[in-house]
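Whenever a hint applies, use it, and build me the whole structure from the sequences.
So the protein lines, in turn, are chains L and W. 35 is the number that the numbering used here gives to position 35 of the first sequence; each next residue is one higher, with no gaps. 1078 is the number that the numbering used here gives to position 78 of the second sequence; each next residue is one higher, with no gaps.
Hints are computed from structural coordinates only; laboratory data are not their basis. Only a predicted model underlies this, so the values are computations on that prediction, with no experimental measurement involved. Careful, some of the hints might be misleading.
[Said to hold, decoys possible] List of simulated lysine-lysine pairs, DSS-like, C-alpha gap at most 27 Å:
| # | chain 1 | residue 1 | chain 2 | residue 2 |
| --- | --- | --- | --- | --- |
| 1 | L | Lys-234 | W | Lys-1028 |
| 2 | L | Lys-62 | L | Lys-120 |
| 3 | L | Lys-156 | W | Lys-1159 |
| 4 | W | Lys-1077 | W | Lys-1132 |
| 5 | W | Lys-1071 | W | Lys-1114 |
| 6 | W | Lys-1187 | L | Lys-331 |
| 7 | L | Lys-333 | W | Lys-1077 |
| 8 | W | Lys-1028 | W | Lys-1187 |
| 9 | L | Lys-234 | W | Lys-1187 |
| 10 | L | Lys-40 | W | Lys-1071 |
| 11 | W | Lys-1003 | W | Lys-1071 |
| 12 | L | Lys-326 | W | Lys-1095 |
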Amino acid sequence: MVQKFKSILKEKHHFSWYIGIAVFFLVIIVTLFLILSASKQIDYSWQWYRVPARFFTNEVIKSDTRGEIDSITIEGTTAVIEVKTEDGIETFRVPENELLLKRGDFVAPGTILAESKKLKPGILLQGLGLTLMISLYSSVFGIIIGLFGGLARISKNPGLKWLSTIYVEIIRGSPLLVQILIWYFVIGTLVNDNLSMMGMSKIPPVGWGIISLSIFAGAYVTEIIRGGIESIPKGQMEAARSSGMSYLQAMVHIILPQAFRISMPALTGQFISLIKDSSLLGIISLRELTKASREIVSSTMMTFEFFLILAALYLVITFPLSMFVKHLEQKAKIK
Amino acid sequence: MIKAEHLYKTFHTPHDVHALVDVSAEIKAGEVVVVIGPSGSGKSTFLRSLNCLEEIDSGHIEIDGIEVRHKRTNINKIREEVGMVFQSFNLYPHKTVLQNVTIAQEKVRKRSKKEAEKIGLALLEKVGIADKVNAYPENLSGGQMQRVAIARSLAMNPKIMLFDEPTSALDPEMIGEVLEVMKTLAKEGMTMVVVTHEMGFAREVADRVIFMDFGKIVEVGTPEHFFTNPTHERTKLFLSQIL
Ligand SMILES: Nc1ncnc2c1ncn2[C@@H]1O[C@H](COP(=O)(O)OP(=O)(O)OP(=O)(O)O)[C@@H](O)[C@H]1O
Ligand SMILES: [Mg+2]
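What follows is the structure, given as structure tokens:
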């Protein structure tokens, strides 16, 4: 990559090449300038310094009552704070070395009693983690579903064939947002209510999020795998079968490994889509990256900063993946 | 070894083609039978029906005493005994030369990896590819690929070998090396059915020649019979065109 870049710089270029480069940077600079000056016009106050706290925060323990600290006793590493309120004494337990207040201080709801020195992921990173976690699980399940879906699609058994075709058409023909709503509010209600009637624990929203995305991705993976299998020359299956392998053995050892290799770029592309599509899951109150950003925006009013950061974070994840796809396609071309 | 009786096969797409019309043939153990005929005459269909790659409409096929089309016959068991070599090689591109030769031994014959490799290496040596065992098929020449394909079939210790135009996709200078391997095989007593346009091979190696046209067997005879005084007009015409 770096090597390639260096060699581009070293080469002698035509005049128009330099013009092209100049235009490239000009467009970027002008765009940034326009955004900045437009935001000045509406008196938008950029507060980038408040951003890092949403990535990492110190854990704090807050008071939820109003009153005066009556006593602080140390019990080992724990400090027991007793607050005298209008209705009597309330006790808080905080780590002794993180204590911020002393006897006689007044506290109100929201007053920070203790602050840990250790940083922990802020709401934004937690959202990012959830987004990645959901995308990863959904991809794995999606590939498993798609593998069987693809095999069913090319199966000679009409039942399997029709079922998989209907599945693919329904999923690809309706908006993901609608599917998520149905999974959570219709199927989710049915299943969870029945589960709790049988005394079992409910499937949490994150479960429904993963289910809806897996089923959604599974339909696309089905078509990718089917295409991959169909692109393998018929002679491969014939050679394998004529050496005595069963259909299953031929699939597992000969056809699918080749089909997966061919499908790799498309599958990675599907994973990229999945990461972006997971931004819809906020609708079922999953605090993934997008939902987390919206919550931050509504509490801080830093609309511009956080929505720009939101886009940038998605790009940070998807860009390496799409470079990987390019790499795979390049490699396939050379072969 | 092979008994085919009254085989019929009609393809319906894109339009009706009678690929096999009342084809009967018997091939004894150790015999080398060459099938010749113009393009589209049903040679491949006949060959492929023998190991059920092509499903026939009616007729009986018996291989090594087992009725192939019987409901209770496990076709995979039959195929273990019948090797097939294709015009387009059909090597597995994601496997090395050695893996190409060992995979079916391990998965079908249930040999250990070590045993399969030992057998595979010996066969690759026999067909003259010993120096390429770890190469991938894409790095081989056509002639080398076809020799690997033959070794791959032989690795299963088949009783019968079917060849469907094994040299038709090869550059002329590579045809010889493949035919050489096949001749050796014939000398060793392998039962072989070979579809080919290589008349030299037919004349030298074949015990019998079958001439097919329009899905029918027109004439059967020894190579001498065919290349000196064939009976049928169609045979004469075909041979005059090809020789
Ligand atoms: N899968 C198929 N579907 C439809 N028609 C087919 C199919 N396979 C073969 N045929 C037709 O059946 C006839 C016999 O085909 P076959 O491949 O057996 O001929 P062949 O003698 O092997 O010819 P060639 O020398 O060209 O290989 C041809 O007319 C061919 O078009
Ligand atoms: Mg043919």
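Of all the hints given earlier, name the ones this structure violates by number, lowest first. 1, 3, 4, 5, 6, 7, 9 and 10
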